[in-house]
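On the provided structure of chain A, position chain B as indicated by the hints.
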Amino acid sequence: MCVSMLYFALTVMLVLGIFSLMTAVALPNVNISPVLLTRVASIVLLYAAALSFNALDIQAIGSGVGIYSGLFQVSSVSQSIDTFIFLVGAMILLPWAPVTNSVMAGARSVFSAVPTIAEYPLMILFTTCGATFLVSSADLVSVYLSIELQSFAVYILATLYRDSESATSAGLKYFLLGGLSSALILLGSVLVYAYTGLTNLESIFTLLSVGGVENLTTGLGPCIIGLTIMVVGFLFKVSAAPFHNWSPDVYDGVPTIVTTWLAIMPKISIFVLLLELQSGFGFTGASLSLLVDGVPFDVWKNLLLVSSLLSLIIGTVVGLAQYRIKRLFAYSTISHVGFLLLALAVNSEESIESFLFYIVQYSITNLNAFLILLAFGYMLYSTVGRKDGYGTDVQFISDLSGQFRANPLLGLALTLTLFSMAGVPPLVGFFGKQMVLYSAVHSGYYFMSLVAIIVSVISASYYLKIVRVIHFDAYTNVQDAVQAPKMTNVHSFAIATLTMAITLFVFKPSIILNSTSLLALTLFHY
Amino acid sequence: MNTFLLDLLAFGAVLSGVLVITSKNPVISVLFLISVFVNAAGYLLLLGVGFVGISYLIVYVGAIAILFLFVVMMLNIQLTEIVSVGREYTKNLPLGFIVGSLFFFEVLSVLPASYSDAGELPLGLFNYINGLFLGVNSSFTSSDVHMTFSGPGADDSFTGFLQIEAIGQGLYTYGSLWLLLGSIILLLAMLGPITLCMRSASDK
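For the protein sequence lines, the chains are A and B, in the order given. Per this note's numbering, the very first residue in the first sequence carries number 1; after that it's consecutive. Per this note's numbering, the very first residue in the second sequence carries number 1001; after that it's consecutive.
Be careful, since some hints might not be right.
From the structure, some residues in chain B lie toward chain A, with a derived Cβ separation under 7 Å [said to hold, decoys possible]: (1) Tyr1174; (2) Leu1177; (3) Leu1181; (4) Ile1185; (5) Leu1188; (6) Gly1192; (7) Thr1195; (8) Leu1196.
Hints in this document: simulated from the structure, not taken from any laboratory. Quick caveat, the model's predicted, so the values are computed rather than measured. Heads up, the beta-carbon is just placed ideally off N, CA and C, and yes, glycines get one too.
If we strip away everything but chain A, and leave its shape as in the complex, we get (with noise of 0.2 Å):
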């Protein structure tokens, strides 16, 4: 009862939330500035993740709380990880260049070159709100409403830039891929449910636990062809390999502040629904297997493990080739989610635990990253800006060179956060890769867990080219000698408490391991 009152205030704070900037911003003659509202934004999201983790009381929640009538269910890992996606997007909320800096108020014109759109926290907000209904939820009309106003959202972001072409043709190859990918996602609801009657994820599990593989084949086998067709829409959702080709086009089409968005946030609530799903099919004993000429076939893990396979190989391989950075990062993205799909394939305790630790690692490493990337535009092109019309961002790797000597915090900085994201052993990409790595071994995976060691070689050679052009590559001016802040100073905290958080999680790993390793416990004691 307590627990589903406190869930209520915080979809209660994130919609007044939405119904406040939705005023703010309509307001005719009030002159808030953009960036002022994403600070309300981000004020919200805080809240909201107070408020979450106030929830949480593992006591109380046990092996989870079902609310609103059992559409929706409460657990330790949905609101851990409410918290989490909470912090994060707040910190996503942060890296505006300083357009309402007092300092700037004269150079306002030349600032034009920064876009600041006043709906953006707005759509963050809708995306939230969408993301933390997914997490907890337990239905199948449940699990396909969130996932829509999360990725609805998602979409009037990707096209929220509307003068620029690239935008928008991305924002538009998103639109109709991931309407394809909810199609899909549809079609597989509609199965389990013309089979089994039943849209209750608990009561599906329960029903497929009833009699072995063969009563499974003979009765059962098209409700779990409509599962493994709902995963591959999810697969589709957080581009893994097979249906990763729209990935690297959005995320290097749309503006970097967007993608900082989109790299990050809809993956995370969509990994942590595989995750429940995993671990309910995990309990029913016969898992999801189909006799395949006598012989049981597990479709659901064999699809995890394929797919994570196809990531890690294509993520790698094929990044090698990029020399625009955003694509460079899509598919280091795809590589890091074939580590993930493998660690949740794999299914033991400590493998859960160490997805979960590979989540929270990667997502505020590749925030960095963006982060990172976001300033680096500001201190080269927030006064001159782009030849190419590409306002602000970074766009080639090539733009970076030489970038150490004029900005060596910033240097050091992406390259502690690509050393992470290579997983170089100090710092906290590399617990995450070694966590997931042990866990396969441990359990036997001993093929994948070659090829994940072999490509993670093979891709921190692409993260050791971005260091090389960095430090070493000729340094060309392009910057004029403008005295003025070029980027907020929220911003660079953000930069720095982040690059802290990487860079000496060795010294104190015990507040996140032990918090992975607890929700790890959860789903598999209680």
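Relative to chain A, chain B alone:
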């Protein structure tokens, strides 16, 4: 008789669907779209799913298709462009045929096969063809549509609900949060076009 009508309506819907994408004039194409919806609505009504059928007529025919019609008429598209585009995509017909037949095979082999008693060749033509493809004697019945699942509560057991009442009862008591979520999505759907299309005074 019922199954014959069903087959006729299904055939009409599929035929008009094909005509929607093959007809050269966009206005004619939208008119065929309306015919698809009318056929589908009739099909649903005959099946006994009255509410969904009627809402098809009201929502799709009454609102969306007419809106399409107006928009298409206002756009004044040059016919020659469309014809040239149409020539290009006939090249993809074999691919479309392969993908389409694969999809049909999948769906037909996957969907519940409890098609027990229905008519023979002239009445259940599609079922007969399905049977030929799948090697099973499949045919289906259209008699029982379960309108609502009544819970054990006392208020449900006094009266039998009409379809709309059943939907309302389920939606407003059991699934009220879906209604909330749907309303947030609709709010977003309203805000989205405004955000993407409205120019503020400073932009001009």
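Going through the hints against the structure:
Annotation: interface hint on Tyr1174(B) holds; nearest CB of chain A at approximately 5 Å, less than 7 Å. The beta carbon of Leu1177(B) comes within 4 Å of a beta carbon in chain A, closer than 7 Å, and the hint placing it at the interface holds. Contact between Leu1181(B) and chain A, as hinted, is supported at the beta carbon level, the nearest pair being about 4 Å apart and thus within 7 Å. Taking 7 Å as the C-beta cut-off, the interface hint given for Ile1185(B) holds, the closest approach to chain A being about 5 Å.
Look at Leu1188(B): its Cβ gets to within about 5 Å of chain A, closer than 7 Å, so that hint holds up. With 7 Å as the threshold, the beta carbon of Gly1192(B) comes within range of chain A, its nearest partner Cβ sitting at about 5 Å, so the hint holds. Annotation: Thr1195(B) was flagged as interfacial toward chain A, and the flag holds, the nearest CB pair being 4 Å apart, inside 7 Å. Taking 7 Å as the C-beta contact cut-off toward chain A, the hint placing Leu1196(B) at the interface holds, the least distance being around 6 Å.
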